[in-house]
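Visitor: Here the structure of chain A is known, so what remains is to put chain B in place on it, guided by the hints.
So the chains spell out like this:
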Amino acid sequence: MPALPIDEAGKYVAGAYVVFLVLVLIYVAIMAAKLERMRRDLTELADIAESRKQEVSGG
Amino acid sequence: MTSLKMPSLRVMAFATVAVLGAAFAMVFFYAPNDADQGFIQKIFYVHVPIAICALIGFVVAAFHSIRHLRTGDPIHDVRSYVSIHMGVIFGTAALLTGSIWARAAWGKWWVWEEPTLVSFLIVYLLYATYYPLRYSIEDRERQARYASVFAITAGAFVPLNFMAVRLAESLVHPRVFATADGGLPPEMLLTFFVSLAGMALLFVTLMRFELSAKMTSAQVSRLRRALDSEAPAASASRIAPAVPAEQRI
Numbered sequence: 108m109p110a111l112p113i114d115e116a117g118k119y120v121a122g123a124y125v126v127f128l129v130l131v132l133i134y135v136a137i138m139a140a141k142l143e144r145m146r147r148d149l150t151e152l153a154d155i156a157e158s159r160k161q162e163v164s165g166g
Numbered sequence: 025m026t027s028l029k030m031p032s033l034r035v036m037a038f039a040t041v042a043v044l045g046a047a048f049a050m051v052f053f054y055a056p057n058d059a060d061q062g063f064i065q066k067i068f069y070v071h072v073p074i075a076i077c078a079l080i081g082f083v084v085a086a087f088h089s090i091r092h093l094r095t096g097d098p099i100h101d102v103r104s105y106v107s108i109h110m111g112v113i114f115g116t117a118a119l120l121t122g123s124i125w126a127r128a129a130w131g132k133w134w135v136w137e138e139p140t141l142v143s144f145l146i147v148y149l150l151y152a153t154y155y156p157l158r159y160s161i162e163d164r165e166r167q168a169r170y171a172s173v174f175a176i177t178a179g180a181f182v183p184l185n186f187m188a189v190r191l192a193e194s195l196v197h198p199r200v201f202a203t204a205d206g207g208l209p210p211e212m213l214l215t216f217f218v219s220l221a222g223m224a225l226l227f228v229t230l231m232r233f234e235l236s237a238k239m240t241s242a243q244v245s246r247l248r249r250a251l252d253s254e255a256p257a258a259s260a261s262r263i264a265p266a267v268p269a270e271q272r273i
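Protein sequence lines correspond, in order, to chains A and B.
Mind the numbering: the first sequence is residues 108 to 166 in the working numbering, read in order.
Mind the numbering: the second sequence is residues 25 to 273 in the working numbering, read in order.
Isolated chain A, as found in the complex (with noise of 0.2 angstroms):
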């Protein structure tokens, strides 16, 4: 096939790059989601570690 025209072939020579850009970004924002997760369990952990202290304390 002879080589297409600019104007074309940019269409495909963009499409190409933002697929690999959104791929990567779709795995960062899954990675994120995993994250905040993981910081709202260790909230309650620390919550329920510091509710513990307070009941040794307290007595």
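Since the hints were made in silico from the structure, they are not lab data.
Be aware that one or more of the hints could be misleading.
Derived lysine-lysine pairs resembling DSS-like cross-links, with alpha carbons at most 30 angstroms apart [to be verified]: (1) LYS141(A) / LYS29(B); (2) LYS118(A) / LYS132(B); (3) LYS141(A) / LYS118(A).
Guide: Frame of chain A; chain B shown alone:
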């Protein structure tokens, strides 16, 4: 004995952005257009490094699996899992970018007669079965052992598959490297290697990011269990999670 210390995740992230940014700038402002394919050949600089990183990721997973089976240390199993995970993600990107390139260059999204494409798809689908295999086993130790055996077997298949493809007669897919009539001109070759370095850095950075997240998740679960074991019976059910977070490591 001195040990090699890996740079921090932050340093690696900045290095990845810098090298990938430089690579993409070189692709569009430094590397010449291909005489045969024209501007569409620019996809080569993203597609090929991604595919190489995916395949190397599978081989790295096999290496960690061998270490896991030899030492029994679960950290090697986690590293193997993360390598395969990243390999599958990069494999997805390689298939998608390759398909776009095929549509532009050959007029078809996929060519079933082409051994390079089909063999990569076979390797990709093989690794896609890793997840159902792994999570169909409930016992954590058996799960890790079976996953390691799978990773070693499939990892050995990757170089064999690569050699078979090189020996096979290509119909449409170009053989850019190691061809008798030369290869890429120096500007294209340099751009390609910078792109490859950028993708490799991205692969390693994301891998370390995921490993770090998995380790933190495991520590959170450990902490939860420790608090759970100390808890009075009434509050135990509130603390215990339905599914332990580290079960997916």
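Visitor: Are the hints correct? Go through all of them and say.
Guide: Here's how the hints hold up against the structure:
1. LYS141(A) / LYS29(B): Judged against 30 angstroms, a Cα distance of about 27 angstroms means the pair holds.
2. LYS118(A) / LYS132(B): Holds. LYS118(A) to LYS132(B) sits at ~16 angstroms (cutoff 30 angstroms).
3. LYS141(A) / LYS118(A): violated (34 angstroms)
The structure fails to meet hint 3 from the earlier list, while all remaining hints are met.
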